[in-house]
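Starting from the known structure of chain Y, fit chain V with the ligands onto it as the hints suggest.
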Amino acid sequence: MPVTDAPRLQWQTAEVREIVEETPRVRTIILDVPSWHGHKAGQHIDVRLTADDGYQAQRSYSIASAPESDHLMLSVERIEEGEVSPYLAGEARMGDKFELRGPIGGYFVWTIATGGPLFLIAGGSGVAPLMAMLRHRAAQKSTIPATLLFSSRTYDDIIYRAEMERLAAADPHLKIVHTLTRGQPAGWTGPSRRIDSEMLVSEGFAPDAKPHIYICGPTALVESSARALLALGHDRALIKTERFGPTGL
Amino acid sequence: MHLHGDKPVDGNAVAGLFREVFALDLTTASLICAGCGAEAEIGSVRVFGGTMGAVFRCDGCDEVVMRLVRTPDGYWLDMQGARRLFARKVG
Ligand SMILES: Cc1cc2nc3c(=O)[nH]c(=O)nc-3n(C[C@H](O)[C@H](O)[C@H](O)COP(=O)(O)OP(=O)(O)OC[C@H]3O[C@@H](n4cnc5c(N)ncnc54)[C@H](O)[C@@H]3O)c2cc1C
Ligand SMILES: [Zn+2]
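For the protein sequence lines, the chains are Y and V, in the order given.
If you're matching positions, the first sequence starts at 1 in the numbering used here and goes up one per residue.
If you're matching positions, the second sequence starts at 1 in the numbering used here and goes up one per residue.
Just chain Y, with the same shape it has in the complex (with noise of 0.2 Å):
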């Protein structure tokens, strides 16, 4: 085979294959992507939906799926007035094709490689480029200490509930905590408040210990996450953010 460049990053058609009803406001859905050379955890790709008249919406969505995963997955919830995820998270149908472009983003980037231990902190549907780190330490059956600190709505706004409790229950050296911020079910015993400096010392790792630090979701539970473990002492190089936007918890 000849050797050739890098491809050049092109839209290409996907088509909706599955869809998973995740939450009552999330839902996954798996794509086949016709051309495609693999991702690494944490990056995205680009999805643009064009009207009738032309008109072009372009949004950025994380990869939920492993890089072992033969299929693509995006986890997107419904902004009511949004431009794009009404359509992604509530009308898309099987069969249903868009464009996209991906993947891209090397920076907010975990693998095995990287080691850890490593430290995720989630917001809502800020858990998806996470999950995609998780899903593949999983697939690589590695044993690199993994905090998950994900904040949820309420019990049901939980993304991948059960497929957490499944990879948690199989792995010591795994542990995820939900704090539910607006509303907790009888008997709830976790944190049922927003993520804060105690939470975060609490449930997660010291600075000593160097975790890799990735916080993802609405842009005010991202910033007051990294605010916090800097002032805790965590090394400002191991902290990697992603900002969702303006979604509120």
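No lab work stands behind these hints, which were simulated from the structure alone.
None of these values were measured; they are calculated from a predicted model.
By construction, the Cβ of each residue, glycine as well, lies at the ideal position given by its N, Cα and C atoms.
Each hint should be verified, as a subset may be incorrect.
Stated by the list, open to error - Reference listing, derived: stretches of chain V covered by chain Y, where coverage requires no fewer than 3 residues with Cβ under 8 Å from a Cβ of chain Y:
#, segment
1, 21-31
2, 36-44
3, 75-85
Unchecked claim - Computed from the model, here is a short list of chain Y residues facing chain V with C-beta under 10 Å:
#, residue
4, 9
5, 58
6, 95
7, 98
8, 222
9, 241
10, 242
Below, chain V with the ligands without anything else, positioned relative to chain Y:
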């Protein structure tokens, strides 16, 4: 990429726009601010702007370090605020 005026996203979110212009992934490139000398990976630098353009602001001094704008017939890259950019080869 889609940016909301006053609220920043991370430079990583602009990866797609960069790849329209450059062959290398610039989100892992490092950028040195001409104003205060702070060095940061582009993926970590805050980005402000609208759908047509990205304005990067230094974490150290809040000045504009870089601007990338898409126009109907091309791209503008304004690097007045940066002293140097280093893009690592992949693999
Ligand atoms: C790198 C990156 C990865 C992303 N990955 C994901 C992902 O995996 N899953 C996912 O669901 N989203 C993700 N997002 C967010 C996504 O790109 C869109 O911003 C989001 O889906 C809203 O787009 P929209 O077109 O529906 O709304 P818009 O048309 O952009 O917004 C409509 C209105 O809602 C407000 N608004 C915009 N976004 C939000 C919000 N999130 N919450 C509340 N109000 C909002 C706007 O200010 C506007 O007034 C990611 C963003 C980035 C930068
Ligand atoms: Zn500066």
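**Request:** Just pull the numbers of the violated hints for me, sorted ascending.
**Result:** The structure breaks hints 3, 6, 7; every other hint is satisfied.
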